[in-house]
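*Asks:* The residues making up each chain are set out below.
Protein chains: 2
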Amino acid sequence: MENFEFYSPTCFVFGKETENRAGELVKRFGGTKVLIHYGGGSVVRSGLLDRVKTSLDKENIPYVELGGVKPNPRSGLVYEGIDLCKKEGVDFILAVGGGSTIDSSKAIAAGVLYDGDFWDFYSGKPITEALPVGTILTIAAAGSEGSGDSVITKEEGMLKRGASGNAIRPKFSILNPALTQTLPAYQIAAGITDIMAHLYERYLTNTEEVEVTDRLIEALLLTMIHEGPRVIADPDNYEARANIMWAGTMAHTNSCGVGRSQDWLSHMIEHELSALYDCAHGAGLAVTMPAVHTYEMPHNVMRFAQVAVRVWGCQMDFAHPEVTAKAGIEAFRNYLISIGMPKNFEELGAKEEDIPKLVDVLLHGNGGNGTISGFMTLGEEDCTKIYQLMV
Amino acid sequence: MENFEFYSPTCFVFGKETENRAGELVKRFGGTKVLIHYGGGSVVRSGLLDRVKTSLDKENIPYVELGGVKPNPRSGLVYEGIDLCKKEGVDFILAVGGGSTIDSSKAIAAGVLYDGDFWDFYSGKPITEALPVGTILTIAAAGSEGSGDSVITKEEGMLKRGASGNAIRPKFSILNPALTQTLPAYQIAAGITDIMAHLYERYLTNTEEVEVTDRLIEALLLTMIHEGPRVIADPDNYEARANIMWAGTMAHTNSCGVGRSQDWLSHMIEHELSALYDCAHGAGLAVTMPAVHTYEMPHNVMRFAQVAVRVWGCQMDFAHPEVTAKAGIEAFRNYLISIGMPKNFEELGAKEEDIPKLVDVLLHGNGGNGTISGFMTLGEEDCTKIYQLMV
Chain A
219 MENFEFYSPT CFVFGKETEN RAGELVKRFG GTKVLIHYGG GSVVRSGLLD
269 RVKTSLDKEN IPYVELGGVK PNPRSGLVYE GIDLCKKEGV DFILAVGGGS
319 TIDSSKAIAA GVLYDGDFWD FYSGKPITEA LPVGTILTIA AAGSEGSGDS
369 VITKEEGMLK RGASGNAIRP KFSILNPALT QTLPAYQIAA GITDIMAHLY
419 ERYLTNTEEV EVTDRLIEAL LLTMIHEGPR VIADPDNYEA RANIMWAGTM
469 AHTNSCGVGR SQDWLSHMIE HELSALYDCA HGAGLAVTMP AVHTYEMPHN
519 VMRFAQVAVR VWGCQMDFAH PEVTAKAGIE AFRNYLISIG MPKNFEELGA
569 KEEDIPKLVD VLLHGNGGNG TISGFMTLGE EDCTKIYQLM V
Chain B
219 MENFEFYSPT CFVFGKETEN RAGELVKRFG GTKVLIHYGG GSVVRSGLLD
269 RVKTSLDKEN IPYVELGGVK PNPRSGLVYE GIDLCKKEGV DFILAVGGGS
319 TIDSSKAIAA GVLYDGDFWD FYSGKPITEA LPVGTILTIA AAGSEGSGDS
369 VITKEEGMLK RGASGNAIRP KFSILNPALT QTLPAYQIAA GITDIMAHLY
419 ERYLTNTEEV EVTDRLIEAL LLTMIHEGPR VIADPDNYEA RANIMWAGTM
469 AHTNSCGVGR SQDWLSHMIE HELSALYDCA HGAGLAVTMP AVHTYEMPHN
519 VMRFAQVAVR VWGCQMDFAH PEVTAKAGIE AFRNYLISIG MPKNFEELGA
569 KEEDIPKLVD VLLHGNGGNG TISGFMTLGE EDCTKIYQLM V
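Chains as they are written, first to last, in this note's numbering: chain A, 219 to 609; chain B, 219 to 609.
One thing to keep in mind: the hints can contain errors.
Same chains, same label: a pair holds when it works inside one copy or across any pair of copies.
List of simulated lysine-lysine pairs, DSSO-like, C-alpha gap at most 27 Å [unchecked claim]:
| no. | residue 1 | residue 2 |
| --- | --- | --- |
| 1 | LYS378 | LYS276 |
| 2 | LYS343 | LYS245 |
| 3 | LYS372 | LYS343 |
| 4 | LYS245 | LYS389 |
| 5 | LYS389 | LYS343 |
| 6 | LYS378 | LYS544 |
| 7 | LYS271 | LYS372 |
| 8 | LYS575 | LYS304 |
| 9 | LYS288 | LYS251 |
Derived from the structure by calculation, the hints contain no laboratory data.
Quick caveat: nothing in here was measured; it's all calculated off a predicted structure.
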């Protein structure tokens, strides 16, 4: 096991109707005047925003509000939020929504206490000070609810950049599985796939002697295998949603990924697919992962055999471990298909003739040096073959 | 799953030579003058205390020191520590040792900022303010390194009482598995047993639909099964120690126990054994758990069958699940014997004729009402039978 630091100071408040505790939690973490930050109309229509306001009223905490956060949140709204907070004397940011809303809230929180342009933080300056942020999550395991990261897109040039710092880790995050119930089945399946991807990216390690984190990752994958089909079959199944939501949060805090090298090649390779075809990230991962794993398998047959046996219930072929390893990859692919995810380029809406372009942007876009690294180091030929496996 | 709150804000710094980062971490968490608090001479003899001091010197952080913490830490030393901190202007407490040293440090941290008698906190007053505490752990998973709890014994009347509050949660805890290497094999085995007990107490739940936490507990039990014998066979095996240490910490933060009722009957029943015979807590648990589980098994056969199959690798007897359930309990008992733990009253040094006394103190001591509750509710006859199963 490698040396590591594990720091996850966010207070997770989990369960039914927990959004009604927003006021109490803002107060506990020192807020006296709140900005409620959110995205589109669904939090208004569902009545969630009203419940949050009622909860703040109950604690006599005044608030202002700012909606309009879009996927890939923009700098323009961040500037607007910063101005509003300064004008109104806001000292606590409450994000109601998914990852984009939380990321936008973190940017505002850092910007309010900074005299310069908040974009400095997204150009490399570390965030050392920020207003406290709390979140009420409307999508399972956005990730941002427990992290010190934020990604914002600057309108000029559409520059997408990240900033980090312990100061922007949420003080609390309210996780009510019932709030995720309005999503369509395809989005739910894409979310499940994304959580499993976060687990596989951690599982595929070159670090030896990591039994405890191997076992924890396997535990969360087994949970997804059990609960995924249940929530797809019955979107009102609160218990299945609750198990998935906590598994997703546990995957994100990285308690199961500490002390080991990680992969993340599937995320890199998928990124070009969702960028070019505007498909759901999870759907892209469903097509990408079996291809990447098939290509990576010879790099460490026993690791893939282990996950096949321990997670997918395959019988170990002791004479031919690669048979077991392949069976595990097939089982994962079939699982993803069973919850409604696409299985190849065609179903995803991707085109074989785009492969050279995909590989080029992947390896040379954004200042890339011609290779990407994780569980393995991949060059042009490798990446081309992997995309071809998806056709 | 039940609603829950999960809050574990401690920064865990894990790995080889991490004690040399003490100074850097004290600085990060705002300390400018430190009390180094420790127990006996082993931290002096091993050179650990010197390394910690060197690390503080490197950051130009002045310190005073106070040793002499004993198991079941006493109020006298706490008063002494509070006076010393006030006199010297200490603003950070650094605990170097195990659970007792950390508990004593937390008491001092709360007492320094309080005008009254610190014992008020151990008489029911909540701790809302305390000096920051950091820890350097010398024993795997003492528990106190990540908790907001502290237990102190008042010399007058030997009253043992607990206090709690988020304010006394350690800001950081340094976990270097190599620092635990000096313990004798019997103590290591007792520690392993204690960690497994913390997992079983969480596993035995009456809450339904808790797949994610079931799986996480099973993951940590599987880790202990794999790593326990390795560290007993080779005390210098750093990797086995590292896996055990992180598993123990994960068990304690309760991320695998949230949202479900828990048991803790084995802990209650064992407590009377270590109190009367002064045996190691873990050794007492090794004798207690198989007896308690045997008695509890009919309460939920399928739960015991599940752990037998998933953790102990037993074959499921679908026609007779109780056969599988029993096989799992036997496998656990044999595991504990294999790492050197006692298997019955005789090996523990307990006496059959004391059973009525044990039951009486268990059920009626400390204001007890004649029953104890967890996975089941037990009365006099139940507890008598359980102790008899240990003979």
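*Asks:* Which hints from the list above does the structure break, by number from lowest to highest?
*Replies:* 1, 6, 7, 8
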